[in-house]
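2 protein chains.
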Amino acid sequence: MSLLVQKYGGTSVASIERIKQVATRIARSKRTGNDLVVVVSAMAGETNRLLALAHEISELPDEREKDVLLASGEQVSVALLTLALKELGYRARSYLGHQVRIETDRAYGKARILSIDSTKILHAISAGEVVVVAGFQGVDEEDNITTLGRGGSDTSAVALAAFLNAQACEIFTDVEGVFTTDPGICPSARKLARISYDEMIELASTGAKVLEIRSVEFAKKFAVPVHVRSTFSDAEGTWLVSEEESMTDVLVSGVACDKNEAKITLVRVPDQPGLAARIFGPIADAHIVIDMIIQNASEDGTTDLTFTVSKADHKMALKIMEKTLPEVHAKGIKVDTEIAKVSVVGVGMRTHAGVAAKMFQVLAAEGINIEMISTSEIKISVVIDAKYSELAVRVLHEAFIGKQDAV
Amino acid sequence: MSLLVQKYGGTSVASIERIKQVATRIARSKRTGNDLVVVVSAMAGETNRLLALAHEISELPDEREKDVLLASGEQVSVALLTLALKELGYRARSYLGHQVRIETDRAYGKARILSIDSTKILHAISAGEVVVVAGFQGVDEEDNITTLGRGGSDTSAVALAAFLNAQACEIFTDVEGVFTTDPGICPSARKLARISYDEMIELASTGAKVLEIRSVEFAKKFAVPVHVRSTFSDAEGTWLVSEEESMTDVLVSGVACDKNEAKITLVRVPDQPGLAARIFGPIADAHIVIDMIIQNASEDGTTDLTFTVSKADHKMALKIMEKTLPEVHAKGIKVDTEIAKVSVVGVGMRTHAGVAAKMFQVLAAEGINIEMISTSEIKISVVIDAKYSELAVRVLHEAFIGKQDAV
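Chains as they are written, first to last, in this note's numbering: chain V, 1 to 407; chain Z, 1 to 407.
Since the hints were derived computationally from the structure, they do not count as laboratory data.
Don't take every hint at face value.
The list treats identical chains as one, so a pair stands whether inside a single copy or across any two.
In silico EDC-like cross-links for lysine to aspartate or glutamate, where the CA-CA straight-line distance does not exceed 20 Å [unchecked claim]:
| no. | residue 1 | residue 2 |
| --- | --- | --- |
| 1 | 120 | 141 |
| 2 | 20 | 63 |
| 3 | 20 | 59 |
| 4 | 315 | 63 |
| 5 | 86 | 63 |
| 6 | 120 | 143 |
With the sequences and hints as input, model every part of the structure.
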């Protein structure tokens with residue numbers, strides 16, 4: 001008998017009809033003898049509906065209360081799915097973050113899971129129950145409700161699989177697996193059978209929306225095999241696994257595009273020691289994650305400092321920068337939300353040179369200007385004008401992946 | 001400085017616009033120097049929307065999961081109201097049942113409050129915060145979410161006022177107070193300035209929808225002064241207080257009508273000792289509350305046994321009865337959902353005879369047949385055909401109250 005953690009996203013439970021379908025699928029898996037812990041997101045659209053209510057009241061809603069509000073979405077879906085399982089004659093029981101309990105830090109809206117108490121879940125499982133857990137939510141040590149951020153249910157699922165020592169974590173979604181790039185943009189995109197955690201982390205951080213990055217970090221840390229597959233078919237999806245030797249034969253595994261970032265530039269800041277700390281300290285205090293940073297000193301002793309944050313955070317970041325501005329004697333702030341980050345990812349890059357050069361050539365040939373560059377061992381990202389993003393993805397996929405055989 | 005508990009019902013927070021209005025009203029009360037604990041219901045319609053979702057899945061949804069589902073409604077409204085208070089510049093903080101914590105028994109859907117831990121609330125108040133508490137919900141000792149039943153937010157508010165030793169509990173609602181009867185049925189109905197707890201308990205149990213009965217029992221037990229008043233005006237409403245001598249001068253304080261009950265009759269049950277226990281035991285085990293019971297022995301050693309339960313419970317009661325039927329050798333079951341319970345209530349009855357006789361005469365004069373009768377020290381209730389309910393209320397109000405001066 002094996003213990004599986006299954007996660008169903010918002011589109012999989014978007015309506016009562018779909019919730020019943022998911023229940024039927026869970027029942028099928030249960031009948032084959034698996035012990036099951038099921039993690040559910042809010043019904044599709046619900047989180048946005050709740051956010052819209054909050055924004056009718058406040059432009060920048062208090063983070064603690066926003067989490068209380070948003071966590072209600074998963075509360076509804078776990079109850080409904082559990083009802084559907086019971087209606088099919090299965091024993092089932094729902095658990096919220098505070099009941100499990102899933103303890104996080106207090107970074108409202110983007111909390112990190114610190115620990116999961118598996119006692120209640122293991123007890124319910126040994127009593128033959130299907131355990132349905134609310135994704136996306138937890139509580140801090142004082143029982144304040146926290147949420148893990150968009151896609152946080154993936155993290156809930158993988159973290160549960162890790163803490164419960166489950167055989168695998170199945171992520172059910174509305175796509176069939178992880179693709180070499182977005183098939184909606186590039187028709188020659190192919191489903192990958194296997195991908196390494198590291199590649200997936202880079203793909204996730206560069207905008208492939210299949211999985212939330214923290215969930216993959218969790219999976220890597222605890223070596224949880226993750227199976228990304230479709231809710232609507234029984235086909236094998238993509239397995240996330242530790243790196244295998246054969247993987248390095250492939251130069252580029254995927255091309256990703258992220259249009260959810262905004263670029264903020266501090267113009268002509270006097271270049272002094274400690275400058276970056278003074279600028280980024282308050283931003284870190286507000287739990288805003290910075291992605292790329294570029295600083296170029298000019299001749300006159302000043303520097304333009306550019307960084308990117310998620311679009312969701314850019315108003316808050318701007319508010320903080322406006323306070324910092326006089327302190328660091330900057331001449332002004334520029335904001336650009338019309339950017340895209342396009343990335344090529346592959347563990348094969350470690351052993352092959354020239355990927356960056358080829359990438360820049362391919363983009364230059366299409367007349368696409370590169371605004372920022374960032375690299376890691378297995379990834380190269382560039383920030384470009386958002387309007388060229390689809391074109392860039394297509395030409396890069398064609399150049400690096402298009403002629404490869406399926407992995 | 002006085003501590004007030006204020007409760008706002010579903011219609012008071014039915015939209016973002018109204019939530020903002022409620023926040024403004026709370027702010028006004030806060031500015032006059034009051035410490036405030038605010039209890040909120042779910043936005044009007046939300047509980048029914050959630051129930052409808054559950055019923056799309058199951059005819060008799062599991063009670064535990066139904067409570068998880070319904071409790072999400074108050075979670076949304078406390079978060080939104082707290083956001084609205086913060087937007088007005090006030091310090092505020094929301095608390096759910098498990099956070100406060102409000103501990104109840106495990107009677108899902110109709111749980112009773114056992115204790116409230118006031119530590120967090122008093123701490124927040126001393127920090128100058130307006131405390132916003134989710135009504136209607138609690139947790140049992142194992143952290144399962146429970147709800148208190150329809151109108152349970154009133155109970156939450158009064159219980160908080162009792163445990164916090166508040167000066168008063170203000171129940172804000174969409175009517176201006178407690179009336180001698182429903183003004184929608186009887187135009188000569190008048191608002192009462194004061195009413196005793198006991199009269200209010202009888203009125204509540206007989207269908208006056210202003211307050212949930214448990215909340216009044218709580219208020220009586222802990223002598224909490226309760227002020228029922230309108231959300232939409234500053235006029236004084238009705239004060240619920242301990243009985244005062246002058247109150248007994250008034251024979252009948254109110255006429256109430258309840259159409260939310262159903263009548264179940266077990267036909268021709270052999271009349272044996274222990275019969276009632278065998279019939280009502282399983283119903284009590286299912287936490288179904290029985291209101292009236294009538295048993296009339298016939299000549300042939302059998303008896304017809306009739307009782308009433310709330311319409312919401314009658315299907316479940318019927319299901320249980322069908323199991324009991326062969327055990328008690330009854331000949332059959334009859335159900336009638338088209339009934340109304342009409343009651344006259346007044347502490348003055350204790351010292352005046354003849355109220356019952358007058359009530360039966362008034363109804364007989366209109367040709368209204370009485371199906372069941374139930375009395376208490378300060379109340380007489382009759383069950384009649386539902387179609388005569390409005391007529392009965394009007395003629396009884398005219399006979400007992402119409403010519404009195406305003407109280």
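The hints, checked one at a time:
{"no.": "1", "hint": "120 / 141", "result": "both (18 Å within a copy, 14 Å between copies)"}
{"no.": "2", "hint": "20 / 63", "result": "between (33 Å within a copy, 19 Å between copies)"}
{"no.": "3", "hint": "20 / 59", "result": "between (37 Å within a copy, 14 Å between copies)"}
{"no.": "4", "hint": "315 / 63", "result": "within (14 Å within a copy, 44 Å between copies)"}
{"no.": "5", "hint": "86 / 63", "result": "between (35 Å within a copy, 11 Å between copies)"}
{"no.": "6", "hint": "120 / 143", "result": "both (17 Å within a copy, 11 Å between copies)"}
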